[in-house]
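Engineer: Each chain, written out:
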Amino acid sequence: MESIEEHRHITGYGQLAVILALLLALTGVTVAVSYIHLGFFNVPVALAIAALKASLVLLFFMHLRHEGPVIRYAFITAILFLAVMIGFTFWDVAFR
Amino acid sequence: MTTRIDTAGARIGMWIFLYSEIILFGGLFVLYAVYFYDYPELFAKGGKELNRIIGSLNTVVLLVSSFTVAASIAAIQRGRKGQAMTFLAFSIFCGLVFVVNKYFEWGAKIRHDIYPNSATLQDGEPGLNIFFGLYYVITGLHGLHVIIGMALLTVSLVLVMRDRITASRYVVLENSGLYWHLVDLIWIFVFPLFYLVL
Amino acid sequence: MTAAQSYLEQPSPPGRTGWKAWLLTHDHKRLGLMYLWAILFWFVLAAILGLLMRTELMSAGRTIMGPETYSSMFTLHGVIMIFLFGIPAIPAIFGNFFLPIQLGADDVFFPRLNLLSWYLFMFGGGFAVFSLFFGDGFPDTGWTFYVPFSISSSGNVSLTVTAAFILGMSSMLTGLNFVTTFHRMRDKAMGLMKIPLFTWSVYATAWVQILATPVIAITFVLVVLERLLSIGLFEPDKGGDPLLYQHLFWMYSHPAVYIIILPAMGVISEIIPTFSHKSIFGYKAIVYSSLAIAIAGSLVWAHHMYTSGMSDVSVFVFSLLTFLVAIPSAVKVFSWVSTMYKGSIEMSPPFFLTLCFIYLFTVGGLTGLVIGAAGTDIHVHDTHFVVAHFHFVMLGGTGFAFFAALHYWWPKMFGVMYRNRPAYIGAVSAAVGFIFHFVPMLILGMQGMPRRYYDYLPQYETGNFLAGFGAYLLVFGLLLMLLNLVLSLRGPRTAPANPWGGATLEWSVPSPPPVENFTDPPNIKDFPYDFSEIVGNSKK
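Chains as they are written, first to last, in our numbering: chain A, 1 to 96; chain B, 1001 to 1198; chain C, 2001 to 2540.
Bear in mind the hints are in silico, worked out from the structure with no lab data behind them. Quantities reported herein were computed from a predicted structural model and do not represent experimental measurements. For each residue, glycine too, the CB sits at the ideal point set by N, CA and C. Please note: incorrect hints may appear among the correct ones.
[Claimed, not checked] Here are a few chain C residues that face chain B, going by a calculated C-beta distance under 8 angstroms: (1) Phe2109; (2) Leu2176; (3) His2183; (4) Arg2184; (5) Leu2211; (6) Thr2213; (7) Pro2214; (8) Thr2219; (9) Val2224; (10) Leu2225; (11) Lys2238; (12) Gly2239; (13) Gly2240; (14) Asp2241; (15) Gln2459.
[As the list claims (entries may be wrong)] A few chain A residues that don't get close to chain C, going by computed Cβ distances all over 10 angstroms: (16) His9; (17) Gly28; (18) Val31; (19) Gly39; (20) Ala51; (21) Leu52; (22) Val70; (23) Thr89; (24) Ala94.
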């Protein structure tokens, strides 16, 4: 059997726990902020915190930071396409 | 044909599948984005009717379960079979908690005559109908994915138990874990969009 | 080489016999053939449906069918041609068969997933057939399933869109397999810029399959949910916006047409160097233009919606972006023609069909500019001009490229040589029939004849009548080519490994190939279209 193994990074429990703590803290923050009336800015703030949480899960729980260029660039491409899906629809919706 | 062990390739395949899932939910987020733009006050009103405590609890449950899934992989990398199984079982339990919470949430809404095509929604504000329509579709599709994720984690648990997943061969566990993390990622966005619109 | 050694005799995994050796195969080559027979069936069926439709249109009023039947026919014709032919044909048949070989690999990365893709394809097709005969009959909404009609229509919309969903899964998984194979199973000596252009085109297509298909998946899920639950997400009375359906639908279905055309362009990029005995002009330009088409094609979907009521700003933006997509396609046409310049041209059926492609696709692309420009589109939207445009690119383009691929790779897949004369007669008939069938539609469209109409005003009758003859000639030509190919299978397996003098790796293995593709390690040249050895040998 051919084995194309590469050196795999072994995750530390401690690091995982720190990330969980950060995620829970950010959850608390986003709930708290939702009670502060920032008007329109509630939305981008909530989404920004969500994006930060998502990045932590992606980079550390899903090991995206240790993956090769194919997976990373493809991920960015998927997100860009999602951004286009939403953004370009607004060329229509926002200007009616 | 030579058999090969190429875990990087197996992971690439799983990540590609995840991208397709992201876009699948992405279509629903397109609808949400447009309708939130159309009905901001009514979305806020609908958000107030959702139970923020259950929503936050579900968020915490999924985040913890993501941690335990990642920890189960760390455990199997160190050859700690028992630990890996415990972490996995706990993750599956978290999924169950999530699904049960969702069941109670939906049940409460349905008892209050808030469900697709209900009289309350039909006679009420159209924007509110859209909010709850999206709520049911998105959390429903997400819940389906939680169940699928639980099934994958259960399969992994059984394979760990039978020593088919080991320290030198754990790509199935990694890939199941990736799927579970995706379920968590989607909820990370669903939670503020529905529960924290104020 | 003894007959027992090819993939047609030797199963993979080994030891299986009889039907299990095919229905449970992991061999990408056998899967390619299994797709071939299924897809040829669907293509012929849909072509006959088209012929029946055009026969109906040859005279005003009722000719051979009633209006409801006509509506179901154009829906069925579209659904089959798009989801069961156009999207899968070249990737699932030729991509499966040749991508691994062109990369110097022995199979795709996930062979069992590949088998699953085939079953999903067959299951989806079966579902579509099922929806023909049960309940209130096949949908009459058009393959575009626009709301609100698709939600209220009594036909089997839910079953049919579910069939499309299943077919989409097949497509997505095939794309996943190809991307992984491309990145992980290339021969070590084959750098990115040594990969043949057909493989590059299938790779670019694979990304569109992966990222765009889920959009139609969720769109069709929403249609089913709306039919079942009446949520109202697309209904104005309930707060919904029907235009959002169109946005979501075209977010996939426009990239889908690039799924349909990109692999076809890849085929052309293989055939032209081979029969010009000259290296492809602009290899890197073609690689980058394939990726550019995949990317740019994902930005232009709302050019199908200029008259839908969307904002003027979006009409402007999408029209502008649409013109950009034409550029990489033009780069390819230029490169192909430049390849032939000062080459040593050898005529053959695949090369003839390729030349037909270049002409018909170019015309199709030019008519696309008329439609892509919002101003002129107002005049021709939803007329037969549009019908002609997309048939020029999808049939004149992909269809002819598909037949070119069949004629190019048939000796390799089956080890037999077909007769050239019927191939040429069929190809000429198809090309001439095509032109006589679809050029009148360009004119009828400009004169205002709507599409998807069962009947029409008297002034359109002459054009429709004449176009009908073209249809019969076209279908005759297509069927003749297919018959010629199929009949060749009765002959002896005497095809040489390299009947055409091709330079890519599939021509270095026997015809048909052994189950493991390469018995000796493949010899990776510095450049995939290096004809020096082949040209040198022919001078001896």
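Engineer: Hint by hint, which ones does this structure get wrong, listed from lowest number up?
Structural biologist: 9, 15, 22, 23, 24
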